[in-house]
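Whenever a hint applies, use it, and build me the whole structure from the sequences.
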Amino acid sequence: MKKRGLLTVATLACAASLILSGAGNAQQVMKIGAVAPKTGPLGGGAAVTHWPNVQLWVQQVNARGGLKLKSGQVKIEIIEYDDQTSPGETIKAVERLATQDKADFILQPYSTGLNLAAAPTYAKYDYPQVATTAISDQIPALAQRYPGLFFVLGDTTSYARSVADILKKMRDEGKLGTKVAMVNVADAFGIELANAARPIFKERGFELVYDRSYPLGTQDLAPVVKAAKAANPDAFVAWSYPIDTFILTEQAKIEGLNVKAFYVAVASAFPAFAEKFGKSAEGILGAGGINHDAAETQAYVKAHREITGKAPDNWASIVTYAGFQILEQAIEAVGTKDRKAVTEYIRNNAFNTAMGPIKFEKQNNEKFWTVGQWQNGVFYGVASTGRPGAKPIVAKPSW
Amino acid sequence: MDVLIIGLLLGGIYALMAMGLQLQYGVARIMNLANGEILVAAALSTFWFYTALHVSPFLALLAIVPAAFGLNWAIYRYLMLPLVRRARSQGHLEVDSILATFGLSFISVGVLLAVFGGHYLNYSYLAVPFRIFGENYGLNRVAAFLGASAICAGLYVWLVRTRPGLTLRAIAVNPQAAGLVGIDVVKVSAFGFALGGAVTATGGALLSMFLTFDASIGVIFTLKALVIVILGGVSDVRGAIAASFILGLTETLVATFVDPGLTIAAAYVLFLAILLLRPQGLFGRRPA
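Just so you know, the sequences run in chain order F and A. For the first sequence, this note's numbering begins at 1 and goes up steadily by one. For the second sequence, this note's numbering begins at 400 and goes up steadily by one.
Bear in mind the hints are in silico, worked out from the structure with no lab data behind them. Any given hint might turn out to be false.
[Said to hold, decoys possible] As a list, the in silico DMTMM-like pairs of lysine to aspartate or glutamate whose alpha-carbon atoms are at most 20 Å apart: (1) F/K229 / A/E534; (2) F/K102 / F/D126; (3) F/K229 / A/D401.
[To be verified] Here are some, though not all, of the chain F residues that point toward chain A, as calculated from beta-carbon distances under 7 Å: (4) D211; (5) P215; (6) G217; (7) T385; (8) G386; (9) P388.
The structure displayed is predicted, hence computed values, not measured ones. Backbone N, C-alpha and C define an ideal beta-carbon position, used for all residues, glycine too.
Spelled out as structure tokens, the structure:
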């Protein structure tokens with residue numbers, strides 16, 4: 001009898017310790033969701049800018065033992081979903097992460113459209129959302145509506161204004177005339193930028209000698225480049241998406257469209273751009289830019305290359321990573337999985353990130369890079385809204 | 400003049416996208432919604448040949464075309480044939496094959512993603528000006544146009560002048576009757592399907608010289624090809640060729656003289672007009 005009692009006690013103790021250790025194990029992971037396109041129209045962009053940073057960040061945090069909470073260090077368990085570039089799928093994935101996977105935090109989605117589409121769902125479950133690939137002119141209104149939504153990449157008008165300012169500076173230095181040819185992709189991104197740019201160019205004394213849009217997914221832009229060339233511009237500005245950025249640049253080279261300033265918006269900052277165009281990329285301007293001379297940026301680029309085997313892009317890659325760092329630093333500072341407290345911390349504190357210090361003003365990071373330029377094979381930031389380290393602009397040589 | 404040439408070059412590009420689908424549908428009666436993925440697979444393979452092995456896209460065709468032929472033959476033989484065998488009617492087969500190939504397209508995207516990654520892939524080849532009547536055109540686009548023309552001419556002569564071509568056409572006209580006169584319908588259909596896949600793959604390899612691809616971009620090409628095939632009439636390869644050039648010229652004329660923003664609108668107006676006036680397509684036959 002006594003023996004049996006002992007056995008029971010031992011069994012119970014064993015079971016209890018199992019349960020306890022099980023609970024202990026559960027506490028030792030931080031479930032973090034990641035939802036972004038792996039397929040669909042933006043799959044190519046996310047494969048450069050978003051997913052490698054998820055891999056890099058998770059690996060780095062886990063390599064140093066995990067996130068430091070008050071209860072001890074916890075490793076990150078990442079749960080990834082492909083939203084197929086469809087806003088409905090992004091929302092579904094966030095819902096699923098919140099209710100079924102019980103994710104403690106969810107990394108921000110990719111692109112302006114998908115970030116804005118998912119914002120109500122992040123807000124519904126109190127997840128902080130540090131949007132790093134969204135640009136918008138509606139930031140104040142959106143920030144007010146979603147208290148956990150933060151913007152790091154900047155506002156649309158600043159991107160247009162920076163381009164106009166660069167052209168004006170070149171004109172003042174006698175490197176450029178007043179004639180600008182402008183084209184844009186006919187979707188929300190291109191239209192918003194072209195609309196923002198039109199009055200600013202006029203105000204700076206430029207004449208738009210060609211101003212047309214083309215549909216998304218156009219495979220032949222020869223008529224557009226020919227017409228732009230016929231207007232004899234001094235500068236060429238395209239508010240373009242990755243695939244048309246590549247087509248426009250190749251066509252301009254073939255056509256011999258020689259301008260002193262050649263700007264193509266998205267994907268000009270991608271390593272693939274330099275790989276495709278080689279020396280012809282020299283002097284080409286594009287959206288983004290990073291400070292290659294800053295030590296924290298160099299460390300980031302090096303780690304990205306080592307861990308993912310690829311170079312980051314020169315615009316939103318580092319911003320995306322900075323967004324993860326902000327979340328990481330806020331979680332560690334709060335020391336728990338309390339999402340509201342983490343959001344509150346992000347709102348009120350400054351962060352040291354790979355792209356330099358970030359402090360949100362009304363949920364918006366006001367200091368970001370706007371224009372970069374290929375110079376000797378490197379895409380340097382040449383204009384920003386308050387980041388140090390901008391390189392002087394050079395006139396584009398002939399193709 | 401330059402507008403005409405740009406339009407013709409674009410027409411050649413469209414022909415490369417559409418001819419394979421037309422062959423597959425015209426002969427094997429399979430509306431292959433995974434057609435775009437075959438094109439992308441060929442384009443990405445060409446990219447790999449060029450960047451990793453330094454093999455020119457034209458030489459890469461020597462490996463890609465037979466591979467695509469074999470792959471498509473296998474798809475027909477093992478995935479489509481059971482559908483063909485159990486189909487009670489033409490309509491039944493069409494619905495089944497559309498659903499099956501739709502599923503196949505998702506699987507293909509997954510495989511491409513796993514093999515090539517999700518990145519944008521492109522390279523620079525023959526991206527130099529080529530002068531025709533004093534105007535510059537991309538040499539790679541001219542080369543793709545020549546490739547398209549060669550395939551068009553070759554297919555046409557083969558279909559019209561040779562006996563195997565004749566059997567292919569016989570099946571396109573009436574598979575039951577073709578069987579009655581001693582044509583092995585399954586074998587020739589499989590051949591037609593495989594040939595269509597090989598033509599699509601050639602298109603992908605040539606287009607990769609100047610277009611940017613990623614693993615999931617295939618659906619764009621499938622859609623364009625679908626429009627062209629329906630425009631041209633589903634049962635005649637001449638229809639797809641003519642429709643490609645009409646579309647290319649229309650889009651270029653609109654882009655140059657009206658507004659580049661309206662090219663897609665113009666393409667669909669043309670599509671609608673044809674559907675209203677000639678529902679069977681340009682070269683289609685009225686159903687008896």
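Outcome of the hint check:
In summary, the hint linking F/K229 to A/E534 is supported, as the alpha carbons are separated by about 12 Å, within the 20 Å threshold. For the proposed pair F/K102 and F/D126, the alpha carbon gap of about 13 Å is at most 20 Å, so the pair holds. Simply put, F/K229 and A/D401 have alpha-carbon atoms about 14 Å apart, close enough for the 20 Å limit, and the pair holds. Hint status for F/D211 relative to chain A: violated, with the closest Cβ pair at about 11 Å, above 7 Å.
With its C-beta approaching chain A no nearer than about 4 Å, F/P215 sits inside the 7 Å limit, and its interface hint holds. Residue-level restraint check for F/G217 holds (minimum Cβ-Cβ distance to chain A is 6 Å; threshold 7 Å). Hint status for F/T385 relative to chain A: violated, with the closest Cβ pair at about 28 Å, above 7 Å. The interface hint given for F/G386 is violated, since its Cβ lies 31 Å from the closest Cβ of chain A, which is over the 7 Å cut-off.
Checking F/P388 against chain A by beta carbon gives a least distance of about 31 Å; that is not within 7 Å, so the hint is violated.
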